[in-house]
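First to last, the sequence lines map onto chains E and C.
The opening residue of the first sequence carries number 14 in our numbering; numbering runs sequentially from there.
The opening residue of the second sequence carries number 26 in our numbering; numbering runs sequentially from there.
Mixed in with the good hints, there may be bad ones.
Stated by the list, open to error - Taking lysine-lysine pairs in the BS3-like style, the calculated list, with each CA pair at most 27 Å apart, reads:
hint	chain 1	residue 1	chain 2	residue 2
1	E	K1043	E	K938
2	E	K926	E	K753
3	C	K159	E	K706
4	E	K894	C	K382
5	E	K651	E	K148
6	C	K403	C	K382
7	E	K1058	E	K281
8	E	K792	E	K291
9	C	K382	E	K433
In case anyone wonders, no lab produced these hints; they're calculated from the structure.
Given the structure is predicted, the values throughout are model-derived calculations rather than measurements.
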Amino acid sequence: MLFIITRSSNRLPFINYLFAMRKKIFLSGIFIFFCLVHSFAQQKTITGKVTNASTGQGIVSATITVSGSKEATQTDQEGKFSISVPSTAQSLVITFVGFETQTVPISNQNEISVSLQLSNSKLNEVVVVGYGTQKRKDLTGAVSSISASQIEKVPVTTLDQAMQGRSPGVQVTNNDGAPGGGVQVQIRGVGSLGNNDPLYVVDGYPISGGINTINPDDIATIDILKDASATAIYGNRASNGVVIITTKRGKKNGVQVSVDANAASQSKPKMYDVLDAKEFGALAYAHAAIDGYTALPNWANADTLHEANWQDAVYQAGLRQNYNVALRGGSEKVQSAFSIGYFDQKGVVLGSDFKRFNLSANLDYDAYKWLKSSSSFKYTRGNSKVPFGTGGQGASAGVGYLSKLPPTLDGGNLLTSEIKDGLGNYGFFNPNNQAVRNWGNGPVYSIETQDQKNLTNYFLGSTSLEATILPGLRVKTNFGVNTNDYSGYYFTPSDTRALDQYGTGTQTTLNFYSQSANNTFEWLWENTIAYTKTFGDHSIDFVGGVSAQENTFRQIGAQGNNLPSDQLRDLSSLPSLSNYYGNQQTISLQSQFGRLNYSFKDRYLVTGTVRRDGSSRFAPGHQYGVFPSGSVAWRAKKESFLENVNAISDLKFRASYGQIGNQFNAGTFQYLAQYSSGPGAANAANNGYPFNKVYQPGLVLAQLPNPNLKWETSDQTDIGVDAAFFNGNLTVTVDYYDKKSRDFLLNIPVPAQTGFTSAFRNVGSIDNSGLEFNVNYGKSTSKDFHYNVGLNVTTVKNKLLSLATGQSYINNLGDLGFSSTGTNNWVVYSRSYVGGPVGEFYGYKSAGIFQSQKEIDELNAIAVNKYGEGSAYQTTSGPAKSAVPGDRKYVDINGDNRITPDDQTSIGSPIPKFYGGLTFDATYKAFDFSVFFYGVSGNKILNYQERTLESFGSSTGSVGIENIGQEYYDNAWTPDNKSERYAKIDANEFNTNTRPSDVYVEDGSYLRLKNLSIGYTIPAASLSKLNITKVRVYFTGQNLFTLTKYTGLDPEIGIPLDVNGNRLPTASGVDVGTYPSSKFYTLGLNVTF
Amino acid sequence: MKNIKIIYLVILGGLLFALGCSKGFLDQKDTSHISQDALFHTPQDGISLVNAIYDGFQHDNQSFVLKSLWYNANYTSQDYFNWGADVSYNTYLFPTDFGSLGAFWNLSYQGIARANSAIPIIAQMRANNVIDQKLADFLTGQTYFLRGVYYYYLACTFGGVPLELKTVTDDGLHPRTTQDSVFMSVASDMTTAASLLPWPQDLAPADLGRATKGAALGYLGSAQMWLKQYSDAVATFNQLIPHYTLLPDYMSIQEYNNQNSAESIFELQFSLPGGATPDWSYNNNEVTWMSSFMWPWETSNFGYTYCNKLLYTSFEPGDKRKAATIVGPGDTLASPGIVAIGGIKAYPQVIAGFNGKLSLPASHFTGTDGKIMNTCGKASDPWLGDQPGQLRSGYYGTKFWRDPNVSGNTPSPADGITHIFGDQDVVMLRLGEILLSKAEAQSKSGDQPGAMATLQLVRDRAWGGTAPTSPYGPDFMQIMLQEYRHELSGEMSLWYDLRRTGLQVDYIKNTFGLTIPAGHDLLPIPASAIATNPTLQQNPNY
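With the rest of the complex left out, here is chain C (with noise of 0.2 Å):
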């Protein structure tokens, strides 16, 4: 017995000896993730990099095109309204915890730093012949070009925000720089992409929407442009007018049919796989909800962007951009893709409202032929959604009402889903934008006759002919606020621009006679944003 007891205790002692020294017992590995060194073996892995760091313009259908960018480019030019709960615009007295300020500041930072990792990565993918040289350039340039677009976003609404332009190591504790820092930075990334990207012209057709040398060049000078440094951006503006061409059709620029045009110079792109439903369930960040959002209520079911009355009144008789922005009581819309598909009364909300079957009368859906309305409300009857004498102006923006596939928040009757979000394109920069801002530098750089005739370029066209002489000089920059206005409304670069010149403040005082509270025509540096790194200094009076 007392052997057996030996040998358990023998035995036993050895396996405690081989487990408590079993080396590799901890080590296991994660079969869910790709760690770096299993990656950057092949081109594609570099392509898809940089490809990640277009994503951030996506997010969600709306976070950042639509309640970042086009909110701040339009609902603070008093053009725009928001009929939900976004109104601080109006007031111009931003919450710091105002959701949408987080989400542009965090979602800008994360194509910043998906950039900034990437540089050294194509680099050693490069160094390792992973990739050729011209890739490497095409990446490397694109790389450039997007971060420079963040951050010219980010200057534009904050001013001056922290520059990270390196991978952040430490905890990111940093403090703004200044706006013209950031600018320069823009400028910089900018010289950078253009020197390694292609014309539009040069793209492989499977590339179309990646960043081109024309759209890096665009952002210099629009930099530049806020750097005051006009002569500079007149030269780098003459660099990249040749290569695009000012579409005869004022309407034609945001139709539909026609992404990606000679005149656009920066594109998002959307996409809507086959199949798709693009309803509330189809939570997919490959489409947007820029159309059915400024719809009125009548055929979209919510309606969250209306128009103020002023910008319907604002346009100088025969100017042909008035039909192409926005829509009243007794318009058609005029959009050829809309038209094609029936106009208006081809809308199932509309419809459901003619048969009776909504809150409102079904007056209220009824042309004043008798039958189903194709206008956009009646005079006598304007369309205020279903809360008659509340807020909504009866007056509707129209250059995201081009989707001929988007039907609102009402079934369609041909498949019984919603048709909510789309996959047009946002244009971001255009030939027209670039010649309006040629036209200020060439003036601000002397060059007055130079740049009358640039912006007669941009007049002629909006007439469909020969415009005349603006109203609203003598005063320059007077006839410059108007055409920004003008050209530019609805899309993603009003305020922006309006803010470059300097004149804001009173441009909002002589044209709406509101006030904007002292500095407030910066957005507030988000709350959140403060709270994780106190370092940053808020705008002032906020």
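With the rest of the complex left out, here is chain E (with noise of 0.2 Å):
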């Protein structure tokens, strides 16, 4: 059953001064308020209606003031109103937030209808800065803000992904599709060899982390700063740009209550086309003869081989549902905002779930007019589980290597030879790796016997008071918590597999398991002081303030083999622990900040800002670092020239300069020459030795000492310029930025010699450059009918300007965990030049596939000539010792004659040229409709996956034969079948035709239709006497469409995680299978109060 949802951001009635004096509110079971307004001895009273001039709906609480008076009263539901008017009055003034105000003269009527025009509103919008607030026309820095009510048109997991398309300059991708999965988002590009993440700010906290804890329903605005002069406030935690993420609060004298729900189910998602079981049993058995390995001898019939569509067993329906609860409001004094939030996920991939449930208060309170405090607590309980992996994992983990499992069983587990039977047995490959490998127990059996917990409990809460002590000049300080409790543990049970398969043993498989637990604990203290002055044309605005942060990591775990028993999940009855740790670090931060804002006659503004950081991270003598910035910004309409140009409703010019830092890449103490034991005897880090078969612990030092490691340093320019036209109903805003990052805290590789193969190094430098575009037009054709369109595109150049000394290259830095077929490796799948963008593709240009035995020798014989005898073209490890027909010929790179590693090249980089979001509103009087495209182009991917699809496996090294792609079957080259494409299946890979190569690169350009809503909001007339202000329903479809010529599932591929669990840029654009997206169809309903 599905429905529900939508959360209003209605706003209720303001209610003005005079309104407090005479007010009463009636609650009845649901909140409702009516107004009584105190009526003198008047001569008339006027009624009329407001309404919004673009879209000709009423508007709500619209404020009517008798001029010359203080009689005033509000719109109601409708946009009507009633006001009893002196006969002395001359004119209504009628305003309302974000439009013009317009004065109505009275005369002899007793109606009066009033249509407002939008005022500018963009550029009177309130934008979070850090420390403060702006109003958009007085910026002199590129931020983008997005809005709840954009936030709302898409139900989403968590808040990043709300942000995708919504601005230029920030890139969000999905890395993969899992419940709560991870999301990459990219702010002005590569801006580090490591990590790329944003400052998140969440109600002035700088938090360290993701921001996935925090529920979507609660946010009032995300603002995103870009540019240098908005960010360096930040210091050295900003290069990548900060997010500063605004909650709701209450308003005052005021109450609104809202209700959401919504339940989304997802669709199983797209497939490979592999071969089934039959085809399968076939084909190996045909080639155990070619290509000479020993066929399981059930494969002799393939008729009867029972199927085991791998991909149909892992993969299901998803169902998402989303409930939230909030009651907002407050009175003159003190506001406050409660929500509940629950989210359930049941992902696509079996066992797979995310459930979180939120609780957040906000409260402000005004005690006097010069003093105030103002509250954020959030909490988040979270339960992840995600059996399978998430994907982008790593190649050999997760769902990538569904496609290659082969589809039959066969020869297997002796008691069913089905994935899963009746009677609960569960089906397993032949034992001994013969033929096949036996991977492992197979992932149905995996995902359905193991037990997992993965429970995080996240508080927030930050609290600060603040002080007017004279006028313009206030004083404040903050202080806030964020910890972060994590513990799970991880469980897998014997069996006794052995004994079916083998009649051997008793056990294969002992039981496993690991549990581990982990804390967080920081605080903030900052205090700031903040003077506003104008005098004459000039006025300033200037914040300073000091702020220190500590955070301490703690963990510990442990793991073992064999419990007593498999019900047990206890630590201290396994009989020898393994990987077991206890430790903790703690990290501070101790600043000194300030800002100055000045304008001239409103339209010469200058920015200056400098933040002094000093960080523990860095060795004593190099832990403070200055980041100053400064822009300027011009108001070209408010010159006479422009003043009176109707047709521009605005004309600003911003540039600004600044360096920023980034010490997220610098852990803990990188700095110390630090020696090391190691762990003991049993573990393979060890850095002992036994003599006389007694175990001697060893002392290394384990890291070079490196006391003049830095921060990472980004030098950022930004020339943009903001424009509106036609009394604000198109917008423009157009960046130009250029940033240029240096000094990567890398751990980068150094010569051997050193007795190290990396070391932690400031070295090289990248540059990001590129346009972003930001227009929206907004028009009503007619009462009824209201739309909007919005665009934002952002191009990129990256460029990699250099390395260390000497080094002209750096390979990918993540080990995905590819897996090695025959001599193909996969070690180095990309290789970024100093000249060329960062995570470029490396590996071989195919020349097609070699179609006669008579073009091979005469290259060979070339080779031969030149290299001597033995020597050819393409060596392989076959008995041929070259190429054969039907192998992949690969291009001489460098003309010598034959293929040698030097033949590699950079094959595509992973980074688009530009990336955007088109969105689509409009209104139809009770109808709204929203679409909203998001798009790449010009981008690479790796389709490691494809290799899989083409690759038959090895009979070499115990790979054994693997399920291939129904596409690459029906076309790989025979003799009679001479494919340009696709080379001949063949379980040697002697040739190793599916090394890195052009071939798996394709074109990763996509656009998508993320997101289609259409709601429809009940007239408010039939639901007053329910005291309801508003109910809608929506239908959501997520992920409709997708357009590209990528032949993956899914071209949204950001960067897996290597196999230590980072993500890094180098491995950028790699489809190692991930969990993929699908269409989500959502039905919500929403009602406020």
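The task is to assemble the complex, starting from two chains supplied on their own in separate frames and drawing on the hints.
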């Protein structure tokens, strides 16, 4: 059953001071209130309606004041009002936030209709910048904002998803479709070879780590600070940009209850078309003779094989539910916002689940005119379960390998040949790695028998006290804490497969238990002083302060095999522990900062910002850095020559320059010479050695010291223009940015002669430059129809400028766990050259398929002539020592007449030329409609999954025979089918036809309909008796279609996790078979009281 | 009200000031590592520092000792082949990104750097009286010895390499030196080590496996051979020979029950802690994969190394080294340790095959007597793995088929687990090799009768009595090539000694009809090393 949703941001009435004098609030079951306005002995009552000139709809809560008096009222839910007017009154003044104020003369009429024009609301929009707010018109830096109403249009799991396509310069990629899974946010390109995450600031608190604990429903605005002018106030944490999140707060003198519920079904994802049991069995049997391996006897009768469709067994339809209840409101002195939220997503991969429970409370208290406090508390409890891995987690883990699992289990478990039979027996591949690998326990067995828990408790709380000492002079102290507790375990049972399969032994797998917990506690204390003053044509706005923040991380965990019973979840019951650990580390940050805004005649604006940051991540004496920025803006519209040009509503030019830092890639104490005795004898990483068969510990220098280690630095330039035309119907923002990042804190390969293969150094520089466009056009064509079109596009030019001395390139830093087939190890798949983009794919260029022996012989003859007997154009490990017809032919890049590793070259960049979002919103009477497209263009994908589909496995090296794609099977080269694209099917892989090459590099451009929603708001009149302000029902479809040439399942590929759990930009755009995204269909209901 | 505001302002101002100036707030302590200041106050710290230099040889149970040193010593000789992917030895066309080259390079320099850092620390500990002179000498001697050993194998494999004799404090972009310079450095280190280390007889039992004066002299003499200082080499060898014994039975040299024997001069040590399960899950670098890696698929379930049949047929009649080196169809295993567990028929994989549990027919595991097979295949149905007609020859090396605790990748019926790894030590240098080297050195320094006499010691032991004259004469070096081959085959030094003679290219051509591409008797400098240090010149023709 699907029902519900939407949260409303309908503003409830704002009550002016007059209202405050005389008011009664009547609450009856559901919240509702009436206003009773004191009446004078007046001559007449004027009634009327205030409408939005753009939409024609009534404006709720517009204020109508009688000029020259204190008499005032507000419009009702339909925009109607009624006011008593003294006979002496000359005019009515109608005001509403975001609209031009209108004055209507009073003559004899008793009824007045007023149509308010939108003021250039963008200009007066309040933007949250670090340690303060500014009006958009006064901004000198590059800041994009996303409002709650935009977020609400797309049902999302996590906040970062809500940012996708909404703002130029911000590239958001879902790394995988797992529930609660990783999202990668990059602001203005790859600015580091390590971590590229922006800094998140939630209600003034700069948090460490991502933001997926925050309930998207609680968000009021997201402000994204992009250029140095905007971010410098956050110093050495800001070079990847700053995302400021402001949560919804209670409004004065009003109350709003909103209930949102929605439920979505997620379709089963697309699957690879692979061979079924019959085709596979026949192929594997036939090739045994050709390729020289022993087939399983069962394969001889392929027709009798049981089908094992792994993808079908592992993928399922998903279900997502989301419920939120919020109460927000307050009086003159106290405003509060409370909300609870519950989110539950069953993913499209068997066993995957993500649950989240949110509590939030915001409290504002205006104790005196000069003293107020503001508090914000967020609690989240989450439980995520991804028993099959999240995908995008290295090629050997998770859904990536489903397509290569042989589609038959015959010859394995003696009890059943099905994936799982009616009696609960699981099928297994044949034992002893014969012909096929045993593939562990198989995915379904593994998912269904394991037990895991991953609980997190997250709390973020901050409270501030602000005093206005003198007019314009404010001091504020802000204290906050942020804690995150994780506890979890992972258990796999023992099994007696040995008996079933080998007829020998008692068990092949002991049970396994691992338990771990970690805790982060962080506190922040900031004190600021702010001064605002206008004198004559000059106005200044200053904020300065000091900040201290300390973060302590503790962890403990252990694991082991052979609990006495599968029921136990108890470390102390393990006979011995391995990989046990327990440690803590503390990082502290101490800073001073200041920002001065100066404006002259409201048209020449200057901002200067500086922050001095000290971080314990660096060696004493090297801890402090200073990060300055400056910017100017010119509001040309305010000049006399433009003031009367009506077509141009606003025009502003901006320019900024500054330096900011990034300390996040520095671990703790990486500057120190650390000696380590390493783990004990049983651990592979030990440093000791046995004498006389007794292990003795060793002691080694664990890392090269580097006291000069420092933060990464970005020099950023931004030139922008903001313009608005036709009464603000059309707004345009264009920015040129150039961000030069340098001194990457990188564990880079160093000459092994140092004794280390890598060391932490500050090396290299990268330049990201490009243009950002944001265009928005909104108009009403009639009273009932209003539409708005928004487009944002960002271009990216990424260039690696330098690396360590003498280094002209750097290979991929992440090991994605690719499987070796023959000599084909896929260790290097990207190589970033100085002068080229970061993470450019690296491999051979294919020249099609060798079609004849003659073609090969001619090439070999040249090689023999040059290099002697036994040489070949393409040497292989096979008996022929040379490629044979049907093998892939590679291009001799260096022209030495043979293929060697030197013939590898750059084969495509994962960085898009541009990306952007397109939105179209419209309302027609009670209906609303919204579509949102997101696209990227010009990027390449290294389709590792295609390699898998074209790899019949290998009979050498115990890899075993693997399933292949139908397309490959149907078109593979044979003497009768001389494909130019697909090599012959060959279990030996002598020629390593599946080595990294441009065959697997594809255009990754796509345009995706991310979201389409249709809503219907029940007319207020029919609800008023129920005291309900608004009821909206809606339907949303996500990922409904994608235009792409990419042949894999999903072109939205971020950075896969490497085997160490890092996402490094040199491994970007590699399709290792991620948890695929699929269509969501959501039905929702939103009720506001 | 105004006063309150002022008080507030003063308090806040104070706080601001306090916060802005709190000294020491950024001082955090590393509680997960040890700093140098806290170290080296006890003798054990110094001992541990030296222990860690030995650790490089054991890396991850295969990278160094098996896939670097053993591969390079044997695959290159064409008497052994890899059934898996590591087949570039067959053609000497080594890809420069071949994984084990990089591992060899990196682990060697890791050991060298550990040695370089230990030398001054040990000296400081002595100066601070933390350790006495005897311990200081013992530790320093081991340190020089180990640095020399790492350089010795680097030079044997790659030729000249960068010579780092102090902790590298700059960016490490140092070029290669010549092969001779490296061996001179080895000789220098070994001379220093020999002056500081005790003879094996004087070693405390708990120190069994540590470097000795004999080991240092052994590598010193070998380095002198490379430097063509043959008379010096003879003198060096003569110093150590009296301290070691040629075991009477060649078979016993590599036996599990005979580790650290009286013939062994330097031996890498391994151990398996009690209760540990040596299966895939036990990723421990104190054990090795030397044993089951080299068995046939029929016993191990993988089988990565097999022999050239030419090795089998090359032994002279009566040479007892054959049975201790190679096994073929119809042969039983001759190792007393393996015979004691029942021989081939005792392996779980063979039992499973005989019981029809494997893909190959039971007959493949059935002997000519109709019982479970106890030989390495039959002549009519050799053991070629589960891929008949492919690659494998049916002949397998037995130098490392000695550990009775290893049973391959099939769960043992006894405990249900697989015993893949073993803890048998790996003999790097033994008296037999020293005597052969001495014979070559004597010959090259003009003492032909002495050379023949020394050689005869080795041959007599091989025959278990009096050996006939080698049929490979009269050219003494042709005799030597065959003796190196038959004495050291499947151990840790064959190719290095062959290359040292300078006759390796002809030897390969004459014996196997294979032409080594020019310069490819040296392995290429790993691509990963050149990538991080562009000053390194690649070997010619790579």
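Okay, the hints, checked on the actual structure:
| no. | hint | result |
| --- | --- | --- |
| 1 | E:K1043 x E:K938 | holds, 14 Å |
| 2 | E:K926 x E:K753 | holds, 18 Å |
| 3 | C:K159 x E:K706 | holds, 24 Å |
| 4 | E:K894 x C:K382 | violated, 35 Å |
| 5 | E:K651 x E:K148 | holds, 16 Å |
| 6 | C:K403 x C:K382 | holds, 20 Å |
| 7 | E:K1058 x E:K281 | holds, 21 Å |
| 8 | E:K792 x E:K291 | violated, 61 Å |
| 9 | C:K382 x E:K433 | holds, 23 Å |
The structure does not agree with the numbered hints 4 and 8 stated previously, though it agrees with the rest.
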